[in-house]
Each structure stands twice: as C-alpha cells, then as structure tokens.
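The lines below spell out each chain.
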Amino acid sequence: MTDTAAVTDTHALIFHAAGGGILGPKAKAAFAAAERRELIIYVPMAVLWEVSLLARVVRINLRRPVREFFADLFSNPAYQPHTLEADQVFDADDLRFTRDPFDALIVASARDLSLALITRDSAIRESGTVRTIW
Amino acid sequence: MTLEEDNLLWLKGRAAATKRRSLSEALDALISTARAGGHGATATRSVIGTIDIAPGDPMLDDADSYVATMFAASLSSGPATRKKQKARRD
Numbered sequence: 020m021t022d023t024a025a026v027t028d029t030h031a032l033i034f035h036a037a038g039g040g041i042l043g044p045k046a047k048a049a050f051a052a053a054e055r056r057e058l059i060i061y062v063p064m065a066v067l068w069e070v071s072l073l074a075r076v077v078r079i080n081l082r083r084p085v086r087e088f089f090a091d092l093f094s095n096p097a098y099q100p101h102t103l104e105a106d107q108v109f110d111a112d113d114l115r116f117t118r119d120p121f122d123a124l125i126v127a128s129a130r131d132l133s134l135a136l137i138t139r140d141s142a143i144r145e146s147g148t149v150r151t152i153w
Numbered sequence: 069m070t071l072e073e074d075n076l077l078w079l080k081g082r083a084a085a086t087k088r089r090s091l092s093e094a095l096d097a098l099i100s101t102a103r104a105g106g107h108g109a110t111a112t113r114s115v116i117g118t119i120d121i122a123p124g125d126p127m128l129d130d131a132d133s134y135v136a137t138m139f140a141a142s143l144s145s146g147p148a149t150r151k152k153q154k155a156r157r158d
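Line by line, the protein sequences are chains V and R. All residue numbers for the first sequence refer to this note's numbering, where the first residue is 20 and numbers rise by one. All residue numbers for the second sequence refer to this note's numbering, where the first residue is 69 and numbers rise by one.
Simulated from the structure, these hints should not be mistaken for laboratory data. Warning: the hint list may mix true and false statements.
What the hints assert, rightly or not - Here are the computed distance ranges between Cβ atoms for each label pair:
(1) Ala102/R / Glu145/V: 37 to 47 angstroms
(2) Asp130/R / Glu145/V: 12 to 22 angstroms
(3) Asp129/R / Pro44/V: 19 to 29 angstroms
(4) Arg115/V / Gly124/R: 41 to 51 angstroms
(5) Val85/V / Asp129/R: 31 to 41 angstroms
(6) Ala102/R / Arg118/V: 39 to 49 angstroms
(7) Ile116/R / Val77/V: 13 to 23 angstroms
(8) Glu93/R / Val76/V: 37 to 47 angstroms
(9) Thr101/R / Glu145/V: 36 to 46 angstroms
(10) Phe139/R / Arg83/V: 17 to 27 angstroms
(11) Ser144/R / Gly40/V: 32 to 42 angstroms
(12) Ser92/R / Glu145/V: 36 to 46 angstroms
(13) Met69/R / Arg115/V: 44 to 54 angstroms
Just so it is clear, CB atoms sit at the ideal spot from N, CA and C, and this is done for glycine as well.
Just chain V, same shape as in the assembly:
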C-alpha cells in the first residue's frame, strides 16, 4: 500500500471494530497499517453520528457509550476525526449520485482531504466521485 492516509466509511470502521473479518483485503490492510501507526485514517463527523444512530437502533452494540468508543479509537494517533465544515456540506449537496445524507458527507470529507475512501458501497464506488479502497 502506497497511501499514507485514507478516510473511512461507517461500515468499514464498524467491521474493523467488530474484528475485521468482513473487510475487503485492501481495507483490512489499511486498518492493519493504521494499527501499526503506518497509515492515518480520518473519521468524518458523519461517521461518528451514523455510528451513534446505529447503536441507538441496536444495529450495533458498542458495549460502552459512543463517546467512550471514539475516545478509545482516537487514543491511537493514527485515527483522527475530520471536522465538518461548510465547504464539505456544499460539496455534499453537489454530489447528486446519492440521496443518502451520510454517504454524501462522507464522500465530501474524502474529497476535502483528497484521499481515498475505505468503502464497499457500490453506489459510491461506481460514482467516480472519489477514489475507493476495499
């Protein structure tokens, strides 16, 4: 892997935190590199919010409050939150390939950083709006 940084989609981070067995080979390599502190993975604000909502509707069990889950994640300096700013919202609004508000903001985050997005989402991968890893 030649990338030094990437952005994670929600499901990719969840799969990693659940043990990583469902991740695609390149996604798994990216997270492994982050665990070794050889790759920075940015976590968009939309991912934080989506994880909290999925925990709320019991699609995932974080086993601790969402705040503590992300405190644990960000205790590794290779994982860093990426702040949501107005330009990303405007870019997300321009991305007409999806009506999913989270996908649009997550793609906008990766575009803001000019980095690949770790995702298995076929709509994102086929949109050509961002380079993807899986």
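With chain V's structure known, arrange chain R on it following the hints.
Chain R alone, transformed into the frame defined by chain V:
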C-alpha cells in the same frame, strides 16, 4: 526539537487536516489550544473486537435504511412542524 514517533504522526495528521502550511504552524496552533484548555495524551486502546454487529444484519445491509427512515420522517414533517411539536411538548 525531537518528538516521539506517535506524536509526530499525530501532528502530521493534524497539520494536513487543518490545512496548516507547516508542522511548526500546526504545533503552534496546538500549543495555543492546549494553553487555552488542554488536551492530555492517553494510552492507546485498540477497538478491534470490542463491538458487536446485530446477528440479523451482519453486513449492515439494512442499517442504511433504518437510519434513512429516521431522516425521511424528519424531512417529510418539515422544520416548521418539528418546531410546533417541540412547542407543544414544552
């Protein structure tokens, strides 16, 4: 100045994410923030294997629709309706 490897990696990430021109500029901003409120370093805690996915939807295929339903309901009611509902609750 010499920084620990983890701290240098974190600083490089912050510099890129906050669009600082240099590590020095990023470090300066961090020191300003620390002086104003403070961020403490903590031991690393891996999240691997620490969460569970609902067995009925292991690939999270239905998760998007669950969350989308929340927003569809919110959007269809409109901001004015939500304010009225909140006012009634208050």
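request  = Kindly confirm whether 39 to 49 angstroms is satisfied by the beta carbon distance between Ala102/R and Arg118/V.
outcome  = Between Ala102/R and Arg118/V, where Cβ atoms are some 41 angstroms apart, the hint holds.
ask   = Does the Cβ distance between Phe139/R and Arg83/V fall inside 17 to 27 angstroms?
value = holds, 26 angstroms
request  = Using the Cβ atoms, figure out if Asp129/R sits within 19 to 29 angstroms of Pro44/V.
outcome  = Check passed, 20 angstroms falls within 19 to 29 angstroms.
query = Is the distance from the Cβ of Val85/V to the Cβ of Asp129/R consistent with 31 to 41 angstroms?
reply = violated, 22 angstroms
Range hint compliance [Cβ, Arg115/V to Gly124/R, 41 to 51 angstroms] = Roughly 32 angstroms apart at Cβ, these two residues miss the hinted range, so it is violated.
query = Using the C-beta atoms of Ser144/R and Gly40/V, is the stated range 32 to 42 angstroms upheld?
reply = holds, 38 angstroms
inquiry  = Given the hint of 44 to 54 angstroms, is the C-beta distance from Met69/R to Arg115/V inside that range or not?
reply    = holds, 47 angstroms
query = Taking 36 to 46 angstroms as the hint, is the beta-carbon distance of Thr101/R and Glu145/V inside that range?
reply = holds, 40 angstroms
task = For Ala102/R and Glu145/V, compare the CB-CB distance with the range 37 to 47 angstroms and indicate the outcome.
result = holds, 44 angstroms
inquiry  = Quick check: does the Cβ-Cβ distance between Asp130/R and Glu145/V fall within 12 to 22 angstroms?
reply    = Distance hint for Asp130/R, Glu145/V holds at roughly 21 angstroms.
query = When you take the CB atoms of Ser92/R and Glu145/V, is the distance between them in 36 to 46 angstroms?
reply = Between Ser92/R and Glu145/V, where Cβ atoms are some 42 angstroms apart, the hint holds.
task = Could you check the hint for me, namely that Ile116/R and Val77/V are 13 to 23 angstroms apart, CB to CB?
result = With Cβ atoms ~21 angstroms apart, the hint holds.
Hints 4 and 5, counting from the list given before, are not met by this structure.
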